[in-house]
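K.L.:
I would like the entire structure built from these sequences, with the hints used as guidance.
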Amino acid sequence: MPDLITKNAPAGDGETPAERVVVPEPQAEKPRSLGLDAWHDLRKRPVFIISAVLIVLLVLFAIAPGLFTSVDPRAGDLSKHYLSKPNYLHFFQGDWFGYDGQGRSIYARMIYGARASVVVGICVTAGVTIVGGLLGMVAGYYGGWVDTIVSRFTDMVFGIPLLLGALVILNAFSVRTIWSVVFALVVLGWTQMTRVMRGSVITVKQSDYVTAAKALGAGTGRIMFKHILPNAIAPVIVVATIALGGYIAAEATLSFLGIGLQDPTISWGIDINSAQKVIRQAPFVLFFPAGMLSVTVLAFIMLGDAVRDALDPKLR
Amino acid sequence: MRGASQAKWVVAAVAVALAATACGSGGSSGSSNGAANAQGTFSYQSTEPQNPLQPANAMEVGGGRIIKTLFKGLVDYDPSNGELRNQVADKIETTDAQNYTVTLKSGWTFHDGTPVTAKSFVDAWNWSANTKNNQINSDWFSDIQGYKDVHPEEGDPTAATMSGLKVVDDTHFTIALNGPVSYFEYKLGYTAFSPLPEVFFTDPAKYGQSPIGNGPYKFVSWEHNKAVTVAAYDKYAGVDKPKNGGIVFKNYSQAEGAYKDLVSDNLDVLDQVDPSDLASYKTDLGDRAVDQAQGAIQSISFSLYADDWKPENLAKVRQGLSMAIDRDTITKTVLNGSRQPANSWVAPGAMGYKDNTCGDACKYDPAKAKQLVTEGGGVPGNKITVLYNADGGHKEWVDAVCNSIRQATGVECVGDPKPDFKSSRDLIKNKKVDGLMRTGWVQDYPLNANYLRDVFGTGAAANDAGYSSPEFDKLAAEADKATSVKETADLYQKAEEQLAKDMPAIPLWYYKTTAGYSKNVQNVKYDSFGDPVFTQVEVKQK
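Protein chains in written order, with the working numbering: chain D, 1 to 316; chain P, 1 to 542.
Keep in mind that the hints were calculated from the coordinates and are not lab data.
Accuracy of the hints is not assured; some may be wrong.
What the hints assert, rightly or not - Straight-line C-alpha distance at most 30 Å; calculated DSS-like pairs for lysine-lysine:
{"#": "1", "chain 1": "P", "residue 1": "K91", "chain 2": "P", "residue 2": "K481"}
{"#": "2", "chain 1": "P", "residue 1": "K310", "chain 2": "P", "residue 2": "K422"}
{"#": "3", "chain 1": "P", "residue 1": "K422", "chain 2": "D", "residue 2": "K277"}
{"#": "4", "chain 1": "D", "residue 1": "K85", "chain 2": "P", "residue 2": "K332"}
{"#": "5", "chain 1": "D", "residue 1": "K80", "chain 2": "P", "residue 2": "K383"}
{"#": "6", "chain 1": "P", "residue 1": "K250", "chain 2": "D", "residue 2": "K277"}
Source: prediction; values computed, not measured.
P.N.:
Below, the structure written as structure tokens:
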């Protein structure tokens with residue numbers, strides 16, 4: 001859903017107005033959609049540009065880590081490389097950021113670690129938006145006992161602390177992969193989206209155009225997806241974008257605690273965990289995965305902020 | 001021994017295995033010697049005893065070490081070489097390794113002045129073995145005839161005493177066992193076999209709060225959750241008379257706190273250096289740092305009972321995997337020198353230890369390793385997992401071992417952490433592992449039989465690999481029938497050679513004691529159990 005508005009919409013129509021700035025008349029006829037409006041706003045914001053560049057880079061790391069390093073991130077040579085210091089001038093080489101406590105290249109692991117974070121972040125966000133969004137829409141649209149049941153259930157799940165719940169769920173998996181972590185975070189994370197969506201749908205439901213559509217005999221499905229959803233989705237997108245950074249941090253936290261991802265998956269959380277044990281001898285081992293994690297989370301939160309400002313100008 | 005060894009492992013796994021980082025190597029002791037004050041007392045890093053202080057009721061180190069200073073049994077182990085030496089016993093005679101006649105020395109007294117007699121031993125053992133009294137170490141008496149009557153598997157005991165124990169007179173008693181156990185004398189050195197005075201039986205619970213023993217130190221006070229104080233007993237009749245005036249066992253919940261106290265000389269003798277200070281403790285303490293081998297070994301066992309690992313021709317693969325592990329580098333780097341690479345299944349310091357029984361199979365040789373794995377038909381699925389408990393500081397070395405195996409042989413290898421010691425132990429005990437698992441052994445008594453028969457004998461309680469070799473069992477049975485401990489130890493060395501052929505478990509390294517002491521004391525040595533030799537500690541004149 002979010003892609004429809006933030007990405008696809010601008011990709012198709014976004015270029016047009018910029019090129020035809022000289023002849024604005026025909027453009028004025030066509031009213032700008034909310035998404036288009038937001039895109040225009042976003043393009044000018046430095047915060048958005050910086051975070052977008054960072055995110056594109058991260059996604060590239062995740063898709064094709066081999067482009068950035070030829071070193072195997074799992075190969076370690078303890079006898080030669082145990083905790084050896086970074087060589088900051090050896091750009092893009094195995095020893096650029098030094099070697100960790102298993103003699104593995106920290107730079108290679110930093111690059112390869114992006115995949116787990118990006119995949120978990122995007123999949124969890126997509127998952128919670130779909131699950132939470134649908135439930136929220138159903139609760140908000142139908143109201144009454146449906147709303148009561150969905151809302152109370154949401155409250156119940158909302159009451160489960162994230163780490164505690166994830167601990168219980170993940171311990172049930174004998175082998176934990178990226179998908180088990182995604183599953184655990186979606187199961188515990190959808191409640192926020194449901195609440196936002198429900199509130200938003202309730203507001204939109206009372207609009208005149210919804211009443212008009214009803215009067216014209218539009219079906220429930222049509223009203224929900226054609227009239228309410230496009231107008232109620234904005235706050236959900238904002239919350240989801242900001243939360244994406246949080247999910248990446250949650251994955252790293254779980255991996256750090258040893259209940260998230262496992263070897264042979266490479267994750268910054270796992271690396272931070274092993275680095276903390278040698279922090280007195282070799283602080284650089286901690287610095288790079290931790291720094292990368294911070295930058296990533298920051299990039300997504302900045303993006304979320306920018307999107308919120310664009311979609312919801314009242315909050316500015 | 002089942003309970004004993006495993007619960008001891010709990011303590012050891014936490015205490016010893018936490019020692020994941022230290023650096024360098026080198027000797028111990030040898031600080032500048034000053035005049036000693038025979039009356040001086042010193043403090044020692046300890047933990048609150050879990051149970052009342054009764055000799056057969058202390059398995060954890062906190063209570064166990066205090067009991068060791070308060071009581072002395074028939075025999076004990078010479079801390080310098082692990083040899084058995086007589087204490088209360090004058091001689092222990094046997095002709096068939098099944099029936100023993102014990103002669104006591106005269107002159108031994110309990111701290112309340114009453115003499116130590118044959119009855120003190122027999123009554124104590126009967127009481128401790130009795131299932132009603134619920135003593136943690138009661139299964140140590142299970143070799144003795146009639147144990148089943150006082151300690152049935154379930155239900156109430158049918159007898160109050162074990163038929164195998166008979167008092168002859170004040171200084172003589174006889175022990176009859178269920179079958180020959182040539183190293184039974186060695187077991188007698190364990191604290192569970194201590195004598196108890198008359199006063200104990202009037203109120204064992206009260207006694208547990210202020211015990212009266214016959215050891216080198218007498219009980220002074222127990223401030224719960226703070227400290228236990230003992231003082232030298234001036235009428236002690238043993239060969240190891242205390243060279244100091246007493247010990248204060250100070251409780252520390254944080255090992256870091258104990259270390260800081262030691263550095264500032266507020267604590268005199270340390271139990272273990274905490275992991276975060278391991279890297280620097282040798283610089284901090286200089287020649288007061290202690291780094292020596294301990295009677296414990298770390299290994300990786302194969303689940304020989306699982307379908308994947310059952311085929312007999314896999315011995316070559318197992319040897320290959322062993323050769324793929326670079327023990328030297330891993331102990332030097334990841335383990336910071338806190339372990340010593342192993343080349344045998346018995347830790348040094350135990351009687352019957354033989355260097356390099358593993359031979360070439362424990363030497364790092366990636367090319368040969370790969371060749372052997374290929375010749376043996378390869379690893380099932382070309383992938384192995386190593387099960388371990390995540391709470392014991394094992395992750396680093398398991399990962400390093402896996403990396404070493406993967407790079408040498410091309411076999412995919414990953415660690416399989418279980419959240420805690422108990423859950424990993426449950427899987428291993430119930431034989432539900434498919435692949436490799438972290439195993440280890442802390443000696444119950446310093447004799448090679450304890451490392452071999454109790455770990456690799458068919459059906460042994462700690463036989464985690466499910467190893468069963470008729471040849472090994474035959475050699476072990478022969479060794480058990482020997483009439484002297486020396487002979488037993490020699491014969492067990494033969495049995496150990498069979499392990500090198502079958503490689504049911506890969507020996508990795510031996511544990512080390514990493515500790516230290518303050519400027520107030522000198523002559524601090526540690527025995528193969530990792531305990532300081534308390535009686536030898538000298539407190540310097542101020």
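K.L.:
Regarding the pair K85 of chain D and K332 of chain P, is the alpha-carbon distance no greater than 30 Å?
P.N.:
Answer holds: K85 of chain D to K332 of chain P is near 18 Å, not above 30 Å.
K.L.:
Under the criterion that the straight-line Cα-Cα distance not exceed 30 Å, is the pair K310 of chain P, K422 of chain P satisfied?
P.N.:
26 Å, holds
K.L.:
For K80 of chain D and K383 of chain P, compute the direct alpha-carbon distance and say whether it is at most 30 Å.
P.N.:
With Cα atoms ~26 Å apart, K80 of chain D and K383 of chain P stay inside 30 Å; holds.
K.L.:
Against the 30 Å threshold, does the CA-CA distance of K91 of chain P and K481 of chain P hold or violate the hint?
P.N.:
Roughly 20 Å separates the two Cα atoms, so the pair holds.
K.L.:
Hinted pair, alpha-carbon criterion (30 Å max): K422 of chain P, K277 of chain D. Please report holds or violated.
P.N.:
23 Å, holds
K.L.:
Holds or violated: are the alpha carbons of K250 of chain P and K277 of chain D at most 30 Å from each other?
P.N.:
This hinted pair holds, its Cα atoms lying about 28 Å apart.
Of the numbered hints given earlier, the model fails none.
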